[in-house]
Amino acid sequence: MQRHFDRDLDSLKENLARMGSLVDDQLDASCRSLFSGNIDLATVVIDGDAAINEMDNRIEKQCQSLLALNQPVAVDLRLLMAILKINRDLERMGDIAVNIAERTAALAPHREFVRSTRLEEMASIALIMVREALDAFINTYPPLATRVLESDDIVDTLNRNVFYRMVRAMQNDHRLIEACSHILILSRHLERLADHATNIAEDVIFLVEAKVVKHQTSIRPTGVTGE
Amino acid sequence: MHRHFEEKIDDLKNNLIRMGSFAEQAIADSIRALLELKAELADRVISQDRQINMFEMVIDRSVVDLLALQQPVAKDLRFILAASKINNDLERIGDHAVNIAESARLCAELTPFKASTDIPQMAQIAKAMLRDSIDGFIHNNTDLCRAVLKSDDLIDELNKKTSADLVLLMKQKPEMVDYSLELVRVSRNLERVADLATNIAEEVIFAAEATVVKHRGSDKGPSD
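Line order of the protein sequences matches chains A and B. Using this note's numbering, the first residue of the first sequence is number 1, and each one after it goes up by one. Using this note's numbering, the first residue of the second sequence is number 1001, and each one after it goes up by one.
It is worth saying that the hints were derived from the structure and are not from the lab. Check each hint, because a few of them may be wrong.
Said to hold, decoys possible - With a cut-off of at most 30 Å between alpha-carbon atoms, the simulated DSS-like pairs for lysine-lysine come out as follows:
1) B:Lys1171 to B:Lys1160
2) A:Lys85 to B:Lys1127
3) B:Lys1013 to A:Lys85
4) A:Lys85 to B:Lys1161
5) B:Lys1214 to A:Lys61
6) A:Lys61 to B:Lys1075
7) B:Lys1150 to A:Lys85
8) B:Lys1085 to A:Lys61
9) A:Lys13 to B:Lys1075
10) A:Lys13 to B:Lys1085
11) B:Lys1161 to B:Lys1171
12) B:Lys1114 to B:Lys1173
13) B:Lys1013 to B:Lys1127
14) A:Lys61 to B:Lys1008
15) B:Lys1214 to A:Lys85
16) A:Lys85 to B:Lys1008
Isolated chain A (complex conformation) (with noise of 0.2 Å):
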C-alpha cells in the first residue's frame, strides 16, 4: 500500500515537473516573441496554452485522488499541498506567458522602443526566479528558494523604473501613447511573474523547514473561529 502510494506521488511530481518545464518554455517563447517582434511564434504560445490547462486539471485531479485513497499525514501531506500551490501557481504563468504573447503584435512596430525600456532585462530576472524556483521544488533545496525571494525586490524596483519611464514618455510624444500602456502591463505582468516564483520559492522553504515565510507579521485577525 506504502509503495503504491510512493509510486503515485513520484509521477505526481514528475507531472509537476512537466508542467513547470511546459510554463518555462511557454514563457520564453513569449518573450522572445515580443522582443524579436516574432507574430508566429506568438501565435505557437497563444495555441500552446490548451496542454497547460490541461495538465493543471489532470494534476489537481491526482491530487484528490491520492488525497481520497491514501489520507497521507505529516510530510506526504504538506507536499500535497505544496503540490496544488504550485500547480495553480504554474497555471497563472502560463497565462501570463499568453498575455504577453498577445502584446507582440501591437508592439511590434515599436521594437526600437521596446528594447530601449529595461522589460528585457525584467524578463530575464523573472525567468532566471522561475527557473530557479521549480529547481528548487524539484532538487529539495531550500538556498535556491532563498535566493529567488531576494530576487523579488530587483524586479520590483525595475518595474516601478518602467512606470515612471513610461509616464514621461507618454507625456513627451502621445505617438506613444498606445505603445507605453502596453509596456505598463507587461511590465506589471512581468512583475507577478516573479511574484509567482516567489511564492513556489515560500512553498519549498516550507515544505523543508515547515516554516511559514509568507505575510510576516505578527498579529491576528479579529473573530477567527475554532482556534
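Starting from the known structure of chain A, fit chain B onto it as the hints suggest.
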C-alpha cells in the same frame, strides 16, 4: 478536547465567510475612496489588508489539520480543497483592493480631473459577482454560481472599453496621463477581482457537483 469533524468544517466555513465579507468590504471601500477621493478611507483599506492575510494563514492551517487528522473523503474532501482555493482567491482579492486603494490615494493627491468612465459600473458588477459567489458558497447554491460565470465576459468587455477610452483621453490631454493611468490600473484590478470571483464560483460548483468547470470553452487567461 476532541471536536467533531462537522464542527471543524463549520469553523472553516465560518472563517471563510468572515474573510469573504472582509474582502467584499475592502473592495467596496477602495472603490468609494477612489470615486469620492477619500485618502483616509484608502489608507484604512491598505492597513486592514493584514487582517485578510492573517485569515489566509489561519484557514490554510486548518485545511491541513482537517486533511491530516480527519482524513475526509468524497464530498468533504472536495469541500476542503475548494475551501483552500477560495481562501487563496480571497487573499488575492484583498491585494487588489489594496492596489485600488493606492490608486485612490494618488488620485486624491492629483488635481481632481473629472473623467467619466465605466469604472463605477464595473465596480458594481465585480462586487455583485463577488457577493454572489460567496453567497453561492454559503448556501451551496450552484445556480447562483453559474450566473457569476456568465457575468465575467461583461467585465472583460468593459475593461477593454475603459482602457481604450482612457488611451484616447491621454492622447487628447497629456496633462491627464498620470490620472488616466491610475484609472487604467483600477479597471484592470476590477477585471481581476471578477476573474477571482469566477474562480470561487467554479470551486463551489466543483465542491457540490464534482464537475470541473474551469478551462471550459474559450479560456483566454487574464485579459488585462
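Here is what the structure says about each hint:
no. : hint                   : in the structure
1   : B:Lys1171 to B:Lys1160 : holds (17 Å)
2   : A:Lys85 to B:Lys1127   : holds (26 Å)
3   : B:Lys1013 to A:Lys85   : holds (20 Å)
4   : A:Lys85 to B:Lys1161   : violated (33 Å)
5   : B:Lys1214 to A:Lys61   : holds (13 Å)
6   : A:Lys61 to B:Lys1075   : holds (14 Å)
7   : B:Lys1150 to A:Lys85   : holds (26 Å)
8   : B:Lys1085 to A:Lys61   : holds (14 Å)
9   : A:Lys13 to B:Lys1075   : holds (25 Å)
10  : A:Lys13 to B:Lys1085   : holds (20 Å)
11  : B:Lys1161 to B:Lys1171 : holds (16 Å)
12  : B:Lys1114 to B:Lys1173 : holds (12 Å)
13  : B:Lys1013 to B:Lys1127 : holds (21 Å)
14  : A:Lys61 to B:Lys1008   : holds (25 Å)
15  : B:Lys1214 to A:Lys85   : holds (16 Å)
16  : A:Lys85 to B:Lys1008   : holds (22 Å)
Going down the numbered hints, you'll see the structure goes against just number 4.
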